[in-house]
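Peer 1: When the sequence shown is numbered by the working numbering, its final residue is 447 and no position is left out of the sequence of numbers.
Hints may contain errors.
Think about it this way: if two alpha-carbon atoms lie no more than 27 Å apart in a straight line, the pair counts; the simulated DSSO-like pairs of lysine-lysine are [claimed, not checked]: (1) Lys410 <-> Lys146; (2) Lys447 <-> Lys151; (3) Lys447 <-> Lys240; (4) Lys84 <-> Lys391; (5) Lys278 <-> Lys177; (6) Lys391 <-> Lys228; (7) Lys225 <-> Lys275; (8) Lys76 <-> Lys46; (9) Lys151 <-> Lys228; (10) Lys225 <-> Lys410; (11) Lys240 <-> Lys225; (12) Lys410 <-> Lys151; (13) Lys275 <-> Lys410; (14) Lys151 <-> Lys337; (15) Lys76 <-> Lys225; (16) Lys172 <-> Lys278; (17) Lys410 <-> Lys228; (18) Lys146 <-> Lys278; (19) Lys197 <-> Lys177; (20) Lys391 <-> Lys410; (21) Lys76 <-> Lys275; (22) Lys447 <-> Lys146; (23) Lys197 <-> Lys275; (24) Lys403 <-> Lys391; (25) Lys151 <-> Lys403; (26) Lys447 <-> Lys403; (27) Lys76 <-> Lys197; (28) Lys46 <-> Lys337; (29) Lys447 <-> Lys228; (30) Lys337 <-> Lys77.
For the record, the hints were derived by calculation from the structure and aren't laboratory data.
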Amino acid sequence: MKLAKRFMALSLSALMALSFAGCGDKTSDTSATTKANSTTKAADSNSGTDSGKGYEDCEISISWWGGDARHEATIAAIEAFQKKYPGITVKYNYGAWSDWETAMATQFSSGTAPDVNQINWNWIESYSSDGSTFLDLNTVADTFDLTQYPEDKLDLCKVGDSLQAVPVSMTGRIFYWNKTTFDKAGIGVPTTNAELLAAGQTFKDVLGDDYYPLSLGEYDRMICMVYYLESKYGKNWVENGALNYTKEEIMDGLSYIDSLEDNHVMPTLAIQIGDGADSLDKNSKWINGNYAGILEWDSSATKYRSALAEGQEMVVGNYFTDWGSNQGGFTKVSLGFAITATTKHPHESAMLMNYLLNEDEGTTLLNSQRGIPLSAAALANCTSQNLLDEMVAEANSKVLAWCDYQLDSKFEDSSLKGSDGVYYDVFGNLSYDNYTVEQAADALIEGVGTTLSK
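All chains should be modelled from the sequences, with the hints used to inform the complete structure.
Peer 2: Take a look at the structure:
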């Protein structure tokens, strides 16, 4: 069954690489132009630029992944951009996260990626470690306003002195609970690990076998385990390029994940795969409240909340103080936007990015769909209009106030995080009882070590 799953994932990845399709959500590849009479001042940083308008009539392209709410907001902002800058046509491609990176990796390596791309932070190291894949944004600083961003956050996206991307927001994982389901079970949402473990049996007894307080996929389980270990042992997962935990400590973390299945806190991966959904927000058991909790990025709140059936209420949870005496958890650049070095229109691409991330019109439409904005201008605009999603803002403030640990830049490497990577192998085989806890620890140590040594 595991081999079949792998084959299907690889086949899908290959198909996506050819068609640039995001799995799960229907991927769109669309271009549209809306004419208007408005003009704008823009820096003439392009030899082909029309000096009268400040930009060249051209077609540029952009790609991103996300949920339906992000798609709708981004498309609306692109259409508004085209009205403001007649003569620029924006072709866009979007989809769900599943296997999205595989498709993008192929395009980055072949030089066929869109002009503007939403990227994960680790993609800089994975696909542009020498600074050759993405444009140095310092070269378009007269078009894209870099002064709106904290210097220390921009530094996170540099290769040497080359600014490879602009960070959109900072994020971390936090619990979200379906309060409606917990109310049906007659208990409050868990505030401690002890309450979470007890909730598993309550759900089973009161609601039935197909109700669980929590649902975690393979990568979610890895993050949950690291949060648990950091809380208990008080150290980064990776330190100075080396794994910072002993085999015994990792076995402790894996045993904890196992205990969540054993105590009916979360379904096995076999059950979740059998649900037939490409992502949890598309899973009917999340939509209808059978799965009543997730450990997700604060910036993803709207995707999961909007997927819920009418009458379901989702709330932000808290970190568990009984995991340990430390504040386990890490923050990272949630995502960034980069311009490919192969673009023929760097000025117009930077105009689009500036509109989406810094200008009032664009940031009004995007609001907090990609998290709480790092751009000072975007944050001020969204705050003044009360545009920030209250749940996203609450979650983000809890994440930034609690999480004390650093995310290693290779933690999300595709060799680890990908659907055929180490995390899927370890937690998949552990859930299917193909690995003992010790075997899973050995596989994780070997896999992480191999990636870190690259």
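Peer 1: CA of Lys337 to CA of Lys77, is that 27 Å or under?
Peer 2: Holds - the C-alpha atoms of Lys77 and Lys337 are around 21 Å apart, at most 27 Å.
Peer 1: Are the Cα atoms of Lys410 and Lys151 separated by 27 Å or less?
Peer 2: 22 Å, holds
Peer 1: Holds or violated: Lys410 with Lys146, Cα cutoff 27 Å?
Peer 2: 24 Å, holds
Peer 1: Can you confirm whether the C-alpha distance between Lys278 and Lys177 stays at or below 27 Å?
Peer 2: 15 Å, holds
Peer 1: Holds or violated: Lys46 and Lys337, Cα atoms, limit 27 Å.
Peer 2: 18 Å, holds
Peer 1: For the pair supplied as a hint, Lys225 and Lys410, confirm whether the alpha-carbon distance does not exceed 27 Å.
Peer 2: Since the Cα atoms of Lys225 and Lys410 sit roughly 24 Å apart, the hinted pair holds (cutoff 27 Å).
Peer 1: Taken at face value, is the distance from the CA of Lys228 to the CA of Lys151 at most 27 Å?
Peer 2: It holds: about 26 Å lies between the C-alpha atoms, which stays within 27 Å.
Peer 1: Quickly compare the C-alpha distance for Lys172 and Lys278 to 27 Å and report which way the hint goes.
Peer 2: Given that 27 Å is the threshold and the Cα spacing comes to 15 Å, the pair holds.
Peer 1: CA of Lys76 to CA of Lys275, is that 27 Å or under?
Peer 2: 33 Å, violated
Peer 1: Decide if the proposed pair is consistent with the structure: Lys151 and Lys403, CA atoms, cutoff 27 Å inclusive.
Peer 2: Satisfied, since the Cα-Cα distance of roughly 15 Å is no more than 27 Å.
Peer 1: Does Lys391 pair with Lys410 here, judged by a C-alpha cut-off of 27 Å?
Peer 2: Status holds; Cα separation ~25 Å.
Peer 1: For the pair supplied as a hint, Lys410 and Lys228, is the alpha-carbon distance within the 27 Å limit?
Peer 2: The given pair, whose Cα atoms are some 21 Å apart, holds under the 27 Å limit.
Violated hints, in rising order: 4, 7, 15, 18, 21, 27; the structure is consistent with all others.
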